[in-house]
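Here the protein sequences come in this chain order: P and H.
Be aware that the first sequence starts at 1, since it is given in this note's numbering, and climbs by one per residue.
Be aware that the second sequence starts at 1, since it is given in this note's numbering, and climbs by one per residue.
In short, the hints are calculated from the structure, not lab data.
Check before you lean on any hint, since a few could be wrong.
Unchecked claim - Cβ-Cβ distance ranges computed for the label pairs, FRET-style:
| no. | chain 1 | residue 1 | chain 2 | residue 2 | range |
| --- | --- | --- | --- | --- | --- |
| 1 | P | LYS20 | H | ARG96 | 23 to 29 Å |
| 2 | H | GLN150 | P | ALA110 | 42 to 48 Å |
| 3 | P | GLU39 | H | HIS76 | 46 to 52 Å |
| 4 | H | GLN160 | P | THR130 | 37 to 43 Å |
| 5 | H | PRO116 | P | ASP185 | 54 to 60 Å |
For every residue, glycine included, the Cβ atom is placed at its ideal position computed from N, Cα and C.
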Amino acid sequence: MIVADRKKIPEIRDMIKDHKKVLLVGCGTCVTVCLAGGEREAGIIGSALRMSLKLADRGTVAVDECTIERQCEDAFIDVLAQRANEYDAIVSLACGAGVQALAERFPGKAVYPGLNTQFIGILESQGVWTEKCAACGSCRLGQYFGICPIARCAKRQLNGPCGGSRNGKCEVSENTDCAWQLMYDRAKAMDKVQTLEAIAYAQDWSTSNDGGARKVVREDQCIAGMGPKA
Amino acid sequence: MKKNMSRKPVILAFCCHYCAYAAADMAGSMRLSYPSNVRVLRFPCTGKIEENHILAAFEKGVDGVLVAGCLEGGCHFLEGNLRARKRVERVKQVLREIGVEPERLEMFNLSSAEGPRFAEIVKEMNNRITPLGPSPLRKDDAVLEAGIAQMDMEAQLAIQGGTK
């Protein structure tokens with residue numbers, strides 16, 4: 001899932017302080033699970049924002065909150081369409097995709113992010129999320145025993161480990177596991193350590209995100225005349 | 001000080017039904033004296049208290065909030081009081097961010113047999129909050145009273161839901 005965390009309240013307040021009526025919109029999917037932008041968090045952020053605005057002599061800015069099932073898909077934004085007309089700005093508590101989906105749906109309205117989107121990751125332990133995938137577009141997890149060197153190795157080393165692996169931890173931080181140690185442990189458990197000795201070919205970065213927004217197109221699923229937008 | 005605003009700080013005590021609320025009751029039975037400006041709200045467990053309940057209290061203009069749960073290890077629901085302590089810490093962080101003194105909020109632990117301790121806690125919070133002056137979000141007394149009444153009703157609904 002996509003993992004995000006809340007922006008500081010003063011940062012959000014400064015974005016909306018010149019508006020009159022602001023709708024804070026939570027999202028019921030990833031950011032609910034990572035406790036950053038669901039219904040509960042929308043209530044907390046809304047309350048904190050109202051207090052913060054009042055203390056900054058902007059108490060006339062009205063802040064209401066609501067949460068929709070999913071912000072990153074237009075069909076789910078339908079429920080907001082009518083209500084959004086009553087507000088002159090929206091703060092989205094979704095990931096960057098959700099914020100942009102709302103901005104596309106409401107062209108004349110200011111849309112601001114309430115969260116900082118962090119990464120694609122999983123829950124490591126209660127309250128701790130870790131990055132697992134860099135969405136590079138060319139997955140090689142099969143070759144690396146299910147441990148991604150691109151997302152999880154500080155040097156993105158495809159032929160590792162480097163000399164900075166110490167007792168299973170990365171030299172960058174004692175809280176960061178060495179991806180290559182994890183790989184080695186899994187390979188050893190499968191009695192396939194020798195496969196790690198093969199030289200890995202270079203990553204195909206043409207699929208990564210350095211050429212503008214990427215698209216996935218399924219021609220068979222496209223409706224005639226409604227193909228991908230340019 | 002604005003008009004229609006009492007000089008005493010208004011403190012809300014979010015009390016667990018199984019300990020602090022009973023302790024408050026005992027303090028009354030023992031005829032112990034403690035500041036009259038504390039208002040007790042009863043919850044089925046401090047674990048039932050969400051961050052936005054506490055923030056709502058500050059938003060409605062109270063000057064201080066104390067959350068009183070069972071002794072650690074003694075929660076009727078095992079770890080509700082431990083969760084409450086973490087939530088209190090998180091709300092303090094939010095208060096700090098928005099410029100409200102985090103000292104206006106505190107978590108305490110006590111057992112149902114500690115009536116005198118309840119009186120002490122209330123005095124301690126009152127002594128801490130009085131020098132801070134009214135909350136910068138303080139509203140006039142009538143609005144504040146209406147807000148507290150609404151919170152009390154919500155807490156009662158939580159009790160009914162929690163003891164079915």
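Given the range 42 to 48 Å, decide if the beta-carbon distance of GLN150 (chain H) to ALA110 (chain P) lies inside it. violated, 32 Å
Q.
Can you tell me whether the CB distance of LYS20 (chain P) to ARG96 (chain H) sits inside 23 to 29 Å?
A. Given range 23 to 29 Å: holds, Cβ gap about 28 Å.
Take the C-beta atom of GLN160 (chain H) and the C-beta atom of THR130 (chain P), compute their distance, and say whether it sits inside 37 to 43 Å. 41 Å Cβ-Cβ, so the 37 to 43 Å window holds.
query: Okay, GLU39 (chain P) versus HIS76 (chain H) on CB: inside 46 to 52 Å?
result: Since GLU39 (chain P) and HIS76 (chain H) have Cβ atoms about 27 Å apart, the given range 46 to 52 Å is violated.
* Asked: Has the hinted range 54 to 60 Å been met by the Cβ atoms of PRO116 (chain H) and ASP185 (chain P)?
  -> holds, 57 Å
In terms of the numbered hints stated before, the structure departs from hints 2, 3, listed from lowest to highest.
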